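Heads up: the protein sequence lines correspond to chains H and C, in order. According to this note's numbering, the residues represented by the first sequence are 4 to 381, in order. According to this note's numbering, the residues represented by the second sequence are 8 to 476, in order.
Because the hints were derived from the structure by calculation, they are not lab data. Keep in mind that a hint or two might mislead.
With a straight-line cut-off of 16 angstroms between C-alpha atoms, the simulated EDC-like cross-links for lysine to aspartate or glutamate are [stated by the list, open to error]:
hint: 1; chain 1: C; residue 1: Lys298; chain 2: H; residue 2: Glu97
hint: 2; chain 1: C; residue 1: Lys334; chain 2: C; residue 2: Glu133
hint: 3; chain 1: C; residue 1: Lys81; chain 2: C; residue 2: Glu22
hint: 4; chain 1: H; residue 1: Lys282; chain 2: C; residue 2: Glu133
hint: 5; chain 1: H; residue 1: Lys171; chain 2: C; residue 2: Glu22
hint: 6; chain 1: C; residue 1: Lys444; chain 2: C; residue 2: Asp425
hint: 7; chain 1: H; residue 1: Lys171; chain 2: C; residue 2: Asp177
hint: 8; chain 1: H; residue 1: Lys137; chain 2: C; residue 2: Asp425
Calculated Cβ distances over 12 angstroms to all of chain C for the following chain H residues [to be verified]:
hint: 9; residue: Glu69
hint: 10; residue: Gly139
hint: 11; residue: Gly214
hint: 12; residue: Pro273
hint: 13; residue: Pro348
What you are looking at is a predicted structure, and each value in this text was computed from that prediction instead of being measured. Built from N, CA and C at the ideal position, the CB exists for glycine as well.
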Amino acid sequence: MLSPNSESELAEMIAATSGDLVIRGGGTRGVSLPGAELNLSGLSGVEFYEPGSLTIVAAAGTPLAEIESVLAAENQRLAFEPMDHRGLLGTTGEPTIGGVVAANVSGPRRIQAGACRDFLLGVRFVDGAGAAIKNGGRVMKNVTGYDLVKLLAGSWGTLGALSQVSLKVLPRSETQITLKIRGVDVQTAVAAMSAALGSPFEVSGAAFCPGEDDTVMIRVEGFEPSVAYRASRLSDLLMHFGEISQTHDAEKSAAIWTAIRDVNDFHSTPGDVWRLSVKPSDAPEVSQRLQADGLLFDWAGGLIWACVAEGTDLRARIGSFGGHATLVRASAETKQRLGMFEPQPSSLEAISAGLRAQFDPRGIFNQGLMQAPALGAF
Amino acid sequence: MVKAATLPRNETGIETALGILKQRFGDRLQTGKSIREQHGHTTTWIENQPPDAVVFPQNTAEVSEIIKACAAHKVPVIPFGVGTSLEGHVNAPAGGISVDMGQMDQILAVHAEDLDCVVQPGVTREQLNTHLRDQGLFFPIDPGANASIGGMTATRASGTNAVRYGTMKDNVIALEVVMPNGEIIRTAQRAKKSSAGYDLTRLMVGSEGTLGLITEITLRLHGIPEAMSSACCSFPSVDAACQAVIATIQYGIPVARMELLDTASVKAVNAYAKLTLTESPLLMLEFHGTKAGAAEQADAFGELAEDFGGTGFEWTSNAEERNRLWKARHEYYWATLQSRPGASGIATDVCVPISRLADCVARANEMLEELGLVGLIVGHVGDGNFHTTLLVDMDDADELARAEEYVGRLNDVAIAMDGTCTGEHGIGQGKRPYLTKELGGATRYMAAIKTAFDPDNIMNPGKILSDEA
Ligand SMILES: Cc1cc2nc3c(=O)[nH]c(=O)nc-3n(C[C@H](O)[C@H](O)[C@H](O)COP(=O)(O)OP(=O)(O)OC[C@H]3O[C@@H](n4cnc5c(N)ncnc54)[C@H](O)[C@@H]3O)c2cc1C
């Protein structure tokens with residue numbers, strides 16, 4: 004195992020290596036690949052935090068929990084609400100901020116605030132040849148050439164080993180209310196969530212839990228009077244979809260959304276877990292085709308979590324659906340066989356391979372994670 | 008005028024491609040001098056480098072045909088929206104074909120239930136918003152010119168709403184692009200979250216026409232807020248105004264717009280728009296939300312502003328008054344030009360961390376004095392971006408040289424503050440020297456990406472990257 008303690012050590016180790024490397028932050032996000040482990044938890048610590056300019060800069064191996072507590076002390080937070088995968092995947096260890104960025108991990112608030120990548124202001128990383136590169140930094144926006152920062156977010160370590168990330172943070176909201184509509188079917192649920200999102204009442208979460216209660220949940224956050232007003236207007240607006248109740252206790256409301264974020268419903272159920280990204284209006288139809296044992300809809304229907312029998316090739320089962328399916332929880336064998344990520348059209352696959360060839364010319368980072376089995380020439 | 012670098016011309020290739028395209032497109036390919044000059048650079052101090060011809064495609068297949076013809080003969084292709092970019096973006100330093108997207112101006116679909124729409128690149132932002140209004144939706148990015156959506160995507164444009172709604176990078180969901188070999192690709196699906204591969208959408212956004220030609224754009228839309236209120240507040244100094252901005256952000260007031268005008272700017276706006284704003288540094292703000300929310304936000308800001316010496320705080324939700332105020336802001340460029348008749352405007356575009364904004368603006372002001380220049384300062388202060396508009400007599404060589412010196416020095420100041428030389432206008436030709444200064448090793452990657460996408464360098468050559476690459 005390689006465990007550098009500084010960016011320069013990281014660069015030296017990568018330059019000196021000859022075999023495949025598996026980049027690891029906290030190891031909580033379910034990546035298991037052949038190769039030598041490159042453990043980044045030694046690159047740790049908040050390096051710069053300025054609440055007044057809403058910016059935090061931290062070494063990539065810094066535990067997420069540390070970042071969250073530093074921010075909380077100033078009444079701020081990561082607005083993209085990164086999911087904790089440990090419960091769902093049964094992994095242990097400490098999620099790191101570099102892992103959050105590399106996997107572009109977001110949560111329910113994404114529909115309002117955006118994804119992790121939308122808050123990423125800058126990165127430092129070491130490429131496959133062992134050179135340290137910086138792009139972006141502490142400014143809220145720039146138009147200096149191609150957006151390498153966004154390219155690195157969600158690249159799952161296949162383009163470079165992140166050494167430092169710079170993120171925009173936001174003030175925490177003062178309070179929140181969750182509205183619940185019980186006893187609706189999936190069509191009605193998606194229509195209700197869409198109406199809520201299209202309203203001017205600034206919804207920061209919209210999820211649907213089918214099952215015993217068939218409950219739609221809608222979250223509003225902000226300053227107290229505004230939250231109360233918006234919740235009541237939303238209740239009026241959504242009344243005709245079903246009976247509405249409100250959870251006013253901010254802590255209880257927050258717990259509801261943590262459970263949705265981390266997909267608590269599937270923690271102790273057996274089976275593989277898939278995550279499908281669809282157009283919200285397609286969600287009812289696509290979810291029928293899944294024949295799933297368990298379902299959870301987030302992002303107003305734009306994100307479907309599905310639990311199915313182990314080893315199921317869900318992509319084959321549903322065919323083309325105008326979105327993509329990611330395999331999140333399965334045995335190593337199934338992940339290997341089906342691939343975590345939806346295969347891309349060959350033109351995009353070729354472009355991606357071309358990018359990888361530039362960033363990692365020797366092909367040593369997280370091999371097999373993001374490429375299709377057979378590649379055409381670029 | 009500042010001289011622009013030229014690149015070697017491929018005369019035979021250009022002649023052949025022109026012949027092919029002329030035959031194929033007839034009157035939709037124009038070679039007249041004035042139309043060519045119009046498609047070289049217009050809104051800048053950089054010299055005009057007209058293309059050899061301008062072609063007006065009407066659909067993606069035609070764009071693909073054009074690019075294939077140009078690729079076969081290694082002829083430059085310069086995508087053109089409406090030509091309001093400011094750094095020589097649409098100049099043709101090696102000649103070639105300007106592809107004017109003006110006839111691809113259809114709004115193809117609005118999906119109100121999914122809060123998105125699909126448009127062709129020639130649609131302008133005003134056209135789009137007029138179309139959306141009846142459905143209670145809007146598209147928030149509003150650069151100071153009525154730019155095309157294709158141009159705005161290619162330059163990663165932003166506007167006065169960036170604090171709340173982000174920039175083009177946050178509002179483009181998917182693209183259809185014709186690649187430098189003529190192949191048509193889709194970067195993503197309409198599904199909001201794309202994790203199937205690398206983020207090619209965001210790689211294209213801001214690529215200034217150098218990686219491909221954008222032929223269709225899926226945009227994220229927003230519901231028109233229930234209520235909007237606008238406010239003005241004067242401050243004793245720019246520093247005090249910046250402190251108020253920081254306090255507002257930290258308090259968590261979700262301001263939609265927050266613009267700073269220095270004293271000279273306020274005077275120019277008063278004169279042009281016949282307003283009577285107090286002639287000292289001014290913050291113009293807008294709050295979006297529910298009726299109660301927008302009012303609460305305005306009141307909360309008013310209280311904070313008082314702590315920093317803010318005076319004359321007023322807010323209104325009256326649509327007419329609001330429009331008058333923001334119209335004055337949107338006409339700012341023309342107002343500044345009037346304050347020195349006969350002069351041309353040159354806009355700087357630095358962006359710094361908000362905590363350094365006051366220092367940077369102060370330096371920008373001092374340098375005006377040091378270099379004996381006339382300039383006004385206006386800023387999108389919520390994200391640390393501001394412009395000095397230098398009013399320059401282009402016939403005075405010495406003054407022009409001092410203006411260039413000013414731009415360079417200010418860029419260096421911003422870069423030294425962990426900032427950037429360009430927050431929204433882009434690199435084009437004009438800012439290429441600063442890109443390397445600011446980014447160092449990262450430009451090597453950009454050059455590598457450019458080579459991987461466009462090995463013959465036919466897409467908008469001479470932009471973003473230095474010619475040596
Ligand atoms: C008075 C004034 C105020 C301005 N204020 C702002 C502001 O507040 N914020 C801001 O961001 N900018 C501002 N700008 C700059 C300018 O308006 C923006 O850069 C705008 O996005 C350019 O759009 P356009 O349609 O004019 O593009 P063009 O100038 O025609 O083209 C710009 C670049 O994009 C490329 N391009 C155009 N269309 C396509 C396409 N379909 N596919 C691929 N590449 C393409 C071109 O090759 C070129 O490199 C301002 C300009 C003026 C004159």
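Status of each hint after checking the structure:
1. Using a Cα cut-off of 16 angstroms, the hinted pair Lys298 (chain C) and Glu97 (chain H) is violated, with the two alpha carbons roughly 44 angstroms apart.
2. As the CA atoms of Lys334 (chain C) and Glu133 (chain C) are separated by approximately 14 angstroms, the hinted pair is consistent with the 16 angstroms bound.
3. This hinted pair checks out: Lys81 (chain C) and Glu22 (chain C) have alpha carbons roughly 11 angstroms apart, not beyond 16 angstroms.
4. With a CA separation close to 27 angstroms, the supplied pair Lys282 (chain H) and Glu133 (chain C) exceeds the 16 angstroms bound.
5. As the CA atoms of Lys171 (chain H) and Glu22 (chain C) are separated by approximately 51 angstroms, the hinted pair breaks the 16 angstroms bound.
6. With a C-alpha separation of about 12 angstroms, the suggested pairing of Lys444 (chain C) with Asp425 (chain C) holds against the 16 angstroms cut-off.
7. In summary, the hint linking Lys171 (chain H) to Asp177 (chain C) is supported, as the alpha carbons are separated by about 14 angstroms, within the 16 angstroms threshold.
8. Of the pairs offered as hints, the one joining Lys137 (chain H) and Asp425 (chain C) holds, with about 12 angstroms between alpha carbons and a cut-off of 16 angstroms not exceeded.
9. Listed as outside the interface, Glu69 (chain H) is consistent with that label: its C-beta sits roughly 21 angstroms from the nearest C-beta of chain C, beyond the 12 angstroms cut-off.
10. Consistency note on Gly139 (chain H): stated as away from chain C, yet its beta-carbon is not over 12 angstroms from all of that chain's, at 9 angstroms minimum.
11. No Cβ of chain C approaches the Cβ of Gly214 (chain H) within 12 angstroms, the least distance being about 24 angstroms, so the stated non-interface status holds.
12. A cut-off of 12 angstroms between C-beta atoms confirms that Pro273 (chain H) is not in contact with chain C; the least separation is 25 angstroms.
13. Listed as outside the interface, Pro348 (chain H) is inconsistent with that label: its C-beta sits roughly 8 angstroms from the nearest C-beta of chain C, within the 12 angstroms cut-off.
Violated hints, listed in ascending order, are 1, 4, 5, 10, 13; each of the other numbered hints is respected by the structure.
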